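**Student:** Residue strings, one per chain:
Number of protein chains: 2
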Amino acid sequence: MPGLDITALERIGPLDADAVVAARERQQRLTKPAGSLGALEELSVRLAGLAGQCPPPVPQRPALAIFAGDHGVHAQGVTPWPQEVTGQMVANFVAGGAVANAFAAQVGATVTVTDVGVAHPLLAGEPDRRIRAGTRDFTLGPAMTLGEATAAIATGMAVANELIDAGHDCLLTGDMGIGNTTPAAALIAAFTGAAPAAVTGRGTGVDDVMLAHKTEVIAGALLRHRPDRADPVAALAAVGGLEHAALAGFILGSASRRVPVLLDGVIACSAALVAQAIAPDSVLAMVAGHRSAEPGATVALRHLGLEPLVDLGLRLGEGTGALLAFPIVASAVRVLRDVATFDSAGVAEK
Amino acid sequence: MPGLDITALERIGPLDADAVVAARERQQRLTKPAGSLGALEELSVRLAGLAGQCPPPVPQRPALAIFAGDHGVHAQGVTPWPQEVTGQMVANFVAGGAVANAFAAQVGATVTVTDVGVAHPLLAGEPDRRIRAGTRDFTLGPAMTLGEATAAIATGMAVANELIDAGHDCLLTGDMGIGNTTPAAALIAAFTGAAPAAVTGRGTGVDDVMLAHKTEVIAGALLRHRPDRADPVAALAAVGGLEHAALAGFILGSASRRVPVLLDGVIACSAALVAQAIAPDSVLAMVAGHRSAEPGATVALRHLGLEPLVDLGLRLGEGTGALLAFPIVASAVRVLRDVATFDSAGVAEK
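If you read the protein sequences in the order shown, they are chains A and B. Note that our numbering has the first sequence beginning at 1036, numbered continuously upward. Note that our numbering has the second sequence beginning at 1036, numbered continuously upward.
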């Protein structure tokens, strides 16, 4: 895949088998009935395998990265929100006034906002990582060139590497882009084979008429471009978004460093499918933060084989679902590190 | 109800209507699509009504209270674990080696352990709050006298008041008691009218044969005692446990101070039904932390009208599910306090 960091992609590999065995055995010896922590036990085992040690490091410095972009398909009337809101919300994140900021403060996460393609930016990004002022309308042609999609992926990988180099030990995906559930649904249909109607949802507030139209727009784009998951960057360029591409790179970057990456909602899930198609073992670094109310998220999570940690009907994006899940992930790992064994605590077994 | 703090119970009342209206209106003006925070929006509205102000205080000093007791019905072979484990686990909590300690450290919660009836204590409780060395076998007679049940409720209320007086602003329920899912199931059947088979589960690891026997034991006790939810303390005394009674008091104490109380799993849910029968508005202070894998928990939550925040197949108890949910509750409240409005942030509406 020309333009991508092949060395980094080649580092994305299987779990460390010894650490997996050690973690599974340790879960059996801790002072609790075997299996009583439900889904958290397997999560801790996987994170041991990802880190290559048992216990794995407890994530203590989470970083949320919000990627923002606009969408040419906005012109087709797929959302009731004006496109200006993307840039206004970027300013809101920077000022600390969004829900993602409130949730980040609760869990001690830093918030980074990267403009990869806002149509009407209010703030100058520093460094400037804008690839273009929004994608093209994919009902008329590809949303991005291959070069633009590749550049957005590389930007996401660079952000992941910078955050990890700065000491962050758990990355969280965030997104902002008015209309971005439309390309997300198109990507999910393309990468899972699901029908457009099964993956298209109401986003941030679409009525019945607009939902039917949105579904038609997506179905039409799939017919026009015939995106093929065997050629994932081309499929992404055809019907994706700049923030979706950057998130795919961010996930790949995190996986290449063997750092867990918490997926937020449907935008992250669509990007995760792209990442999986580029490097299948990247799924081993992914933790599904929550189940978005968008139907495509559930279709994507099933395809990825991931069970979400939180399921509260959220449909906001920004990284809010990933932020809610972070303390659960840290708690799961703490068990392997901090809990006494039956022997050490002098507790009888059944 | 003789022996209970009537003044405290009379303070348990409805939500403050003005604060509820203010919170609901504020949720509409914040920079997010209306309804996009799903279940967290109504939770924040309710906590505003509980506090009587909008925004309500963000809970920042959570306290987990673990109540420990043993059960005469253990003699009937309803669990594979030896009774000694209750006292051993109390020592493990005090030493900081249990899963509840690890989860509490993650969310910044203090952990208090109260022995209200451990059969084989290893540590002297300070202050001594032991009511008796485990309940009586309820297949032979009432598990507790009315006086013992009332004393355990009063103990739970006292612990709640002490923690709130010490500055804690959110209480979390925890429990330890080998065999305590058996009285929990009996209480849930008694207070909801559900059939014993619908509320009896595998606890911490019961096989098919023991599950059938456990269900029979519970059905037999219900036939023998005919516990009546119209006389909740008598029903609790007949088929409950000392920690269940203390938890009911703990919930009532928190509600009487208008402080939110996070319910853990099936033991807490059974105690919550008792609290609800004593003071119906106490439900308004309850937040369901998680959905325990025990079937009775779901039956009880439905009866209480509560939706759990976390649903990960946990069946450990100790307060682990409540601890995982705490950051979600705090995040929901932070939204009302910290998030900008469309006007203040200069963000356009749809």
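Don't read these hints as lab results, they were simulated from the structure. On a predicted model such as this, the values are computed, not experimentally measured, just so you know. There may be inaccurate statements among the hints.
Which copy is meant is left open, so a pair is good if it fits within one copy or across any two.
Computed cross-link-like contacts, EDC-like style, restricted to lysine to aspartate or glutamate with a CA-CA straight-line distance of at most 20 Å [to be verified]:
| id | residue 1 | residue 2 |
| --- | --- | --- |
| 1 | 1385 | 1040 |
| 2 | 1385 | 1316 |
| 3 | 1385 | 1373 |
| 4 | 1385 | 1161 |
| 5 | 1385 | 1163 |
| 6 | 1385 | 1183 |
| 7 | 1385 | 1119 |
| 8 | 1385 | 1243 |
| 9 | 1385 | 1051 |
| 10 | 1385 | 1242 |
| 11 | 1385 | 1077 |
| 12 | 1385 | 1204 |
| 13 | 1385 | 1197 |
| 14 | 1385 | 1060 |
**Student:** Hint numbers the structure violates, sorted upward?
**Tutor:** The structure conflicts with hints 1, 2, 3, 4, 5, 6, 9, 11, 12, 13, although it agrees with all the remaining ones.
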